[in-house]
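S.K.: Given chain A's structure and the hints, the job is docking chain B with the ligand onto it.
Line by line, the protein sequences are chains A and B.
So the first sequence is numbered by our numbering: it starts at 570 and just counts up by one.
So the second sequence is numbered by our numbering: it starts at 1354 and just counts up by one.
Don't read these hints as lab results, they were simulated from the structure.
Check before you lean on any hint, since a few could be wrong.
As the list claims (entries may be wrong) - List time: in silico SDA-like cross-link candidates among lysine to any residue, alpha-carbon distance up to 20 Å:
{"hint": "1", "chain 1": "B", "residue 1": "1355", "chain 2": "A", "residue 2": "573"}
{"hint": "2", "chain 1": "A", "residue 1": "837", "chain 2": "B", "residue 2": "1727"}
{"hint": "3", "chain 1": "B", "residue 1": "1614", "chain 2": "A", "residue 2": "954"}
{"hint": "4", "chain 1": "B", "residue 1": "1662", "chain 2": "A", "residue 2": "842"}
{"hint": "5", "chain 1": "B", "residue 1": "1355", "chain 2": "A", "residue 2": "639"}
{"hint": "6", "chain 1": "B", "residue 1": "1355", "chain 2": "A", "residue 2": "837"}
{"hint": "7", "chain 1": "B", "residue 1": "1355", "chain 2": "A", "residue 2": "868"}
{"hint": "8", "chain 1": "A", "residue 1": "834", "chain 2": "B", "residue 2": "1719"}
{"hint": "9", "chain 1": "A", "residue 1": "834", "chain 2": "B", "residue 2": "1723"}
{"hint": "10", "chain 1": "A", "residue 1": "837", "chain 2": "B", "residue 2": "1719"}
{"hint": "11", "chain 1": "B", "residue 1": "1355", "chain 2": "A", "residue 2": "578"}
{"hint": "12", "chain 1": "B", "residue 1": "1355", "chain 2": "A", "residue 2": "579"}
{"hint": "13", "chain 1": "A", "residue 1": "840", "chain 2": "B", "residue 2": "1485"}
{"hint": "14", "chain 1": "A", "residue 1": "840", "chain 2": "B", "residue 2": "1726"}
{"hint": "15", "chain 1": "B", "residue 1": "1355", "chain 2": "A", "residue 2": "840"}
{"hint": "16", "chain 1": "A", "residue 1": "840", "chain 2": "B", "residue 2": "1723"}
{"hint": "17", "chain 1": "B", "residue 1": "1617", "chain 2": "A", "residue 2": "950"}
{"hint": "18", "chain 1": "A", "residue 1": "834", "chain 2": "B", "residue 2": "1727"}
{"hint": "19", "chain 1": "B", "residue 1": "1355", "chain 2": "A", "residue 2": "570"}
{"hint": "20", "chain 1": "B", "residue 1": "1355", "chain 2": "A", "residue 2": "870"}
Stated by the list, open to error - Among the chain A residues that face chain B by a calculated CB cut under 8 Å, a handful are:
{"hint": "21", "residue": "571"}
{"hint": "22", "residue": "639"}
{"hint": "23", "residue": "830"}
{"hint": "24", "residue": "833"}
{"hint": "25", "residue": "863"}
{"hint": "26", "residue": "864"}
{"hint": "27", "residue": "881"}
{"hint": "28", "residue": "939"}
{"hint": "29", "residue": "941"}
{"hint": "30", "residue": "945"}
{"hint": "31", "residue": "952"}
{"hint": "32", "residue": "954"}
Beta carbons are placed, not taken as given, at the ideal position from N, Cα and C, and that holds for glycine.
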Amino acid sequence: MDFSFSEEQNEFRREVRNFLEEEIRNGHWEPTCDAWVQGFNPGFTRRVAQRGWIGLTWPKDYGGQGRRHIDRLILTEEMLRYGAPAACHWFGDRQVGGAILSFGSEELKREFLPRIVKGEAYFGLGMSEPGTGSDLASLQTKAVEDGDYYVINGQKTWTSCASFSEYFDVYARTDPEAPRHRGISEFIVDAKSPGVSRIAMIDITGTEAWNDVFFDNVRVHKKYLVGEKHRGFYQVLHQLDYERSGMERLMGNYPLFDAIVQFAKENKLSKEPVIRNKLAQLQIEFEVGRLLIYRVALVMEEGRAPNWESAMSKAYSTEFEKHLAGVAMDILGPYAQLTSGSKFVPLRGMALHSYLGSKGYSLQAGTTEILKNILATRRLGLPTS
Amino acid sequence: MKLALTEEQEMLRKTARDFLADKCSKKFVKQMEESETGYSRELWQEMAELGWIGLAFPGKYGGGDMSFLDLAVLLEEMGRACLPGPFFSTVVLGGMSILDIGSEQQKQEYLPKLIRGEKIFTLALTEPGHHNYDASSVTAKATSDDDNYVISGTKLFIPDAHIADYLLCVVRTKPRSGIGIFLADAKGPGMKYSVLKTMAGDKLCEVVFDQVPVPRANILGRLNQGWSAVQKIIQRAAVGKCCEMVGNLQRVLEMTVDYAKERKQFDRPIGSFQVIQHYCADMATDVDSARFSTYQAAWMLSEGLPCTKEVAVAKAWVGEASERVFALAHQIHGAIGVTIEHDLHYYTRRAKAAKLAFGDADFYREVVAREMGL
Ligand SMILES: Cc1cc2nc3c(=O)[nH]c(=O)nc-3n(C[C@H](O)[C@H](O)[C@H](O)COP(=O)(O)OP(=O)(O)OC[C@H]3O[C@@H](n4cnc5c(N)ncnc54)[C@H](O)[C@@H]3O)c2cc1C
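The shape of chain B in the complex, shown without the other chains:
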């Protein structure tokens, strides 16, 4: 057992932190929130050149041959920097899924472009009225028409769909039990996008599929039996979100402790008041425990070990820990923390969005209950 990062991971972290400190100021984050696309093409290319997009993909597709655990370190730094853009969609939701379930031919075709930063991917899973990540909530359907399939339905809360080149669409292929994943050309006919206005300023979309043709060759994984693949995608995404949240929470802890040391009232730093000290101690405990449970799950995913319970523990814990951390962070910051002049709000909004994504604490408590045999 070891809980420290390897030297290589430490280097990756340092490079990422320095790079993002330079390129991803809060001013930039704000611009991206207000912009239509939500990302900078230039920064995207730079990240591709740094090898970040391809980090966890095999070298034969042009990737960096590193692991999901290494990617976790990078995601943590991205969370710390509130990095806007389609990295998560393209890499964690899109690329990793293709790597996992795509045929060799599909990997050869799509992964190199993805890794070079030429194509953006995302996952179209959730739908209007959706609450839980279960198969029965998938109603968009694909019907076969000789060589092709035709997809109809509406997907909601799809990240970065408006700028994506490809969508991994989760659809019903058989009335009751069949789920399939199709790789659809996002720019093809029959698709309509509207970008939603969101709390975190990220770009979540409504995507309407109106008789969208998809060739049979674009089926990812096994037709009708796609749900177990989707579950794996959700697991990876949940852990990926946890990584971002850990970076976010760590930064908020640091900001808050710094503030408590600087801010004076009654002629002394507020951080010398014991109540404030204990708030900070509670935050540190939540942040450390969020980190360990997240990295445990990331490590297990990385090693290919079964980890339904550990993923559930991580996402449930991190989500609720982040609520506690933010309640205290805001309380300690006083009024300045609820203005847009202070940076805290960037973190607060993102943490809440991440908590809602890919299963909240109630959802995962139920998973844990099943794992306990309850």
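With the rest of the complex left out, here is chain A:
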């Protein structure tokens, strides 16, 4: 066992920090909770891309750097620590690029990977539907072959980042007769295609967090089928393992952690035993969660898809985010209810935003209950009946 980082890794972390601090100094943005998924900032994404920090682990052949998963974890950990607006490239970098890399044709790889790496292709995830949440295999969106094309009809919902997505990674039923897991395929759909339309959905914090995305006779060329036809369900499980794997599950609201600790110190609240105790407990939970997530990266380092490991770290971490937000609210007392922009609002409204917003973390990318099912059956081998 060895819990140290190599000198190069430490150097890389410093480099990322310096870059982010300079971004903040230059007034490009300020640290914000949930900025990894809500911070739309093409300029930032371009500057990150210029440094070669998108697609860091991908082969050089496709524009990547061939670096290690630990390096990417260091990079994303720092982005989250500083609350950097990375939403434009996050999904492409985290999972869609990886899916194309694992399952896509050579042509697809050549078309998309270099563009993701340059920060020029933004993705949204078209999995959920009005009738389809946890039970993803029940999805109803259809794709029917027609010559060189598939024609897609249906509705996706809860599509994060959809308002600025240029492409959607869409799962649709290609064989209605087959058992439900075996008749689904994955497509990359250009958001500008005729027949694609979106309606904004506002979340509990008042943010436009998602869109409903409608597909009305959308024609998609067959070359945009990802992987094998009808194998989409197995591919999405693989992708979800990666979606759950990262530090954003623990550090999505990290700027609030920094801010509330600072607030407690400045207002002498940190001398009150109850508050000291709560903040220290958060620190303990944070450090423990971080280790669970580094374990996931090490699994990937071995060339395995993290499965129950990322289920564990994600289920754990989203509880931490909620706990942090709740403690921050309690510490701020009645001021906590003031919304961003109000007179007297503390910490730029981050606590309230996070308190409300964090209720969704334990739902997205697999609810905590689904993740525990995975842990119980795949890690522990408990029977299903």
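M.R.: Using the frame of chain A, we list chain B with the ligand on its own:
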């Protein structure tokens, strides 16, 4: 970064697991709990011969030249087996401390005997009324009398003192600020022991020092400035307890999952009920996180890195994780788990005792708070 054990450590673990499965049955554990000494001299010698006692000591004293991290692996297995006896006292509390702060002459004199299993050591730190591991709670005192010191006072909850050959006594050497550590002959005049009856059946003692003479040569480390050494001892002990607890918790998780697969109600294994599955998933998360935080702290100690915060994180986390794990383990086992016919109680009692030892979660949360600059 690597979270897997080395090949050598895997081998150590396997040897230890096999050996303890053979030698440390629950029947044996029960006998030891009921016995007066609480250990088997024969097993002790065997462990010495296996090189376990000397594992983490330098070869020049007869040790195995391995690290504290390697010792952590062994402690985990001991926790898994509920091994009774003075290994922890002798090695983690006694030997490691002598190695850390003793003079070369003291090491030469004491460590080889310790490593050969000839002498048993323990630490006499805590006192009646003690709650926290801070310097101000040390009131037993050593006063100098020319060449010698004389120790008076009472120490409480001292593990294995009744069978020890030497006690590392933490005493006040100056009214306000001075703390010293003395190596006292446990069999010398002026000492009185009573063995307490404890939850875990381990042997914690009251030790009364009535004008016990200790030669100046037996001062360990720096006189009057011993508290920082004591803190290091406490850190090592806290991490050592975490290692034992990780072994304990891992075993309890396995026992519980096995039970959930076997036990049938309503014509199906109880482990197929989702509530039970989620309980087990929660247990697994607590066990894995306990393991990583423990080994992180053990690794840092092993590397000689400053690790006040990491030790505190580990002990606070593991202690509370173990409460959750046991609440669920008992719930899943049903009534059989609260009988003495089932093995679970051995683990429950030991985990709670380990949680109380060398600082509980509140104590370490305060340490973390200070480390955060609060
Ligand atoms: C912030 C946020 C962002 C999102 N972004 C996206 C996105 O970009 N793209 C996308 O496709 N989707 C997205 N989603 C949707 C997300 O994937 C779904 O919310 C999730 O799959 C759960 O589905 P549901 O909300 O319909 O809840 P349901 O599946 O209806 O679940 C409701 C409750 O029932 C429980 N439940 C369901 N099945 C089981 C079971 N087998 N065992 C035990 N309990 C069960 C759940 O755990 C939950 O508590 C997002 C959601 C949120 C909150």
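S.K.: Evaluate each hint against the coordinates.
M.R.: Now for the hints, and whether the structure bears them out:
Annotation: proposed proximity of residue 1355(B) to residue 573(A) holds, straight-line Cα distance about 8 Å (limit 20 Å). A distance of roughly 9 Å separates the Cα atoms of residue 837(A) and residue 1727(B); the hinted pair therefore holds under the 20 Å criterion. With a C-alpha separation of about 10 Å, the suggested pairing of residue 1614(B) with residue 954(A) holds against the 20 Å cut-off. Pair hint residue 1662(B) plus residue 842(A) holds up; C-alpha atoms about 18 Å apart against a cutoff of 20 Å.
At roughly 11 Å between alpha-carbon atoms, residue 1355(B) and residue 639(A) fall within 20 Å of each other, so this suggested pair holds. With a C-alpha separation of about 40 Å, the suggested pairing of residue 1355(B) with residue 837(A) is violated against the 20 Å cut-off. Simply put, residue 1355(B) and residue 868(A) have alpha-carbon atoms about 10 Å apart, close enough for the 20 Å limit, and the pair holds. A C-alpha spacing of about 15 Å is found between residue 834(A) and residue 1719(B), which places the hinted pair at or below 20 Å, so the restraint holds.
At roughly 11 Å between alpha-carbon atoms, residue 834(A) and residue 1723(B) fall within 20 Å of each other, so this suggested pair holds. Between residue 837(A) and residue 1719(B) the alpha-carbon distance is near 16 Å, which keeps this suggested pair within the 20 Å criterion. At roughly 14 Å between alpha-carbon atoms, residue 1355(B) and residue 578(A) fall within 20 Å of each other, so this suggested pair holds. With a C-alpha separation of about 16 Å, the suggested pairing of residue 1355(B) with residue 579(A) holds against the 20 Å cut-off.
A threshold of 20 Å between alpha carbons decides the hint, and for residue 840(A) with residue 1485(B) the separation of about 19 Å falls inside it, so the pair holds. With a CA separation close to 10 Å, the supplied pair residue 840(A) and residue 1726(B) stays within the 20 Å bound. The straight-line distance between the Cα atoms of residue 1355(B) and residue 840(A) is roughly 38 Å, outside the 20 Å bound, and the hint therefore fails. With a C-alpha separation of about 10 Å, the suggested pair residue 840(A) and residue 1723(B) falls inside the 20 Å cut-off, and the hint holds.
As the CA atoms of residue 1617(B) and residue 950(A) are separated by approximately 16 Å, the hinted pair is consistent with the 20 Å bound. Straight-line distance between C-alpha atoms of residue 834(A) and residue 1727(B) comes to about 6 Å, which keeps the hinted pair within the 20 Å bound. In summary, the hint linking residue 1355(B) to residue 570(A) is supported, as the alpha carbons are separated by about 5 Å, within the 20 Å threshold. Restraint check: the Cα-Cα separation between residue 1355(B) and residue 870(A) comes to about 10 Å, which is no more than 20 Å; the hinted pair holds.
Restraint check, residue 571(A) versus chain B: the minimum CB separation of about 5 Å is within 8 Å; hint holds. At its closest, the beta carbon of residue 639(A) sits 6 Å from a beta carbon of chain B; the interface hint therefore holds under the 8 Å criterion. Interface restraint check for residue 830(A): the shortest CB-CB distance to chain B comes to about 6 Å, inside 8 Å, so the restraint holds. Hint status for residue 833(A) relative to chain B: holds, with the closest Cβ pair at about 7 Å, below 8 Å.
The interface hint given for residue 863(A) holds, since its Cβ lies 6 Å from the closest Cβ of chain B, which is under the 8 Å cut-off. With a cut of 8 Å, the hint placing residue 864(A) at the interface with chain B holds, because the nearest CB-to-CB distance is about 6 Å. The interface hint given for residue 881(A) is met, as the beta carbon of that residue sits about 5 Å from the closest beta carbon of chain B, less than 8 Å. Hint on residue 939(A) is violated. Least Cβ distance to chain B is approximately 11 Å, over the 8 Å limit.
Nearest Cβ of chain B to the Cβ of residue 941(A): about 4 Å, under the 8 Å cut. The hint holds. Hint status for residue 945(A): holds, given a least beta-carbon distance of 3 Å to chain B, under 8 Å. Nearest Cβ of chain B to the Cβ of residue 952(A): about 5 Å, under the 8 Å cut. The hint holds. A least Cβ separation of about 5 Å between residue 954(A) and chain B falls short of the 8 Å threshold, and the interface hint therefore holds.
Hints 6, 15, 28, counting from the list given before, are not met by this structure.
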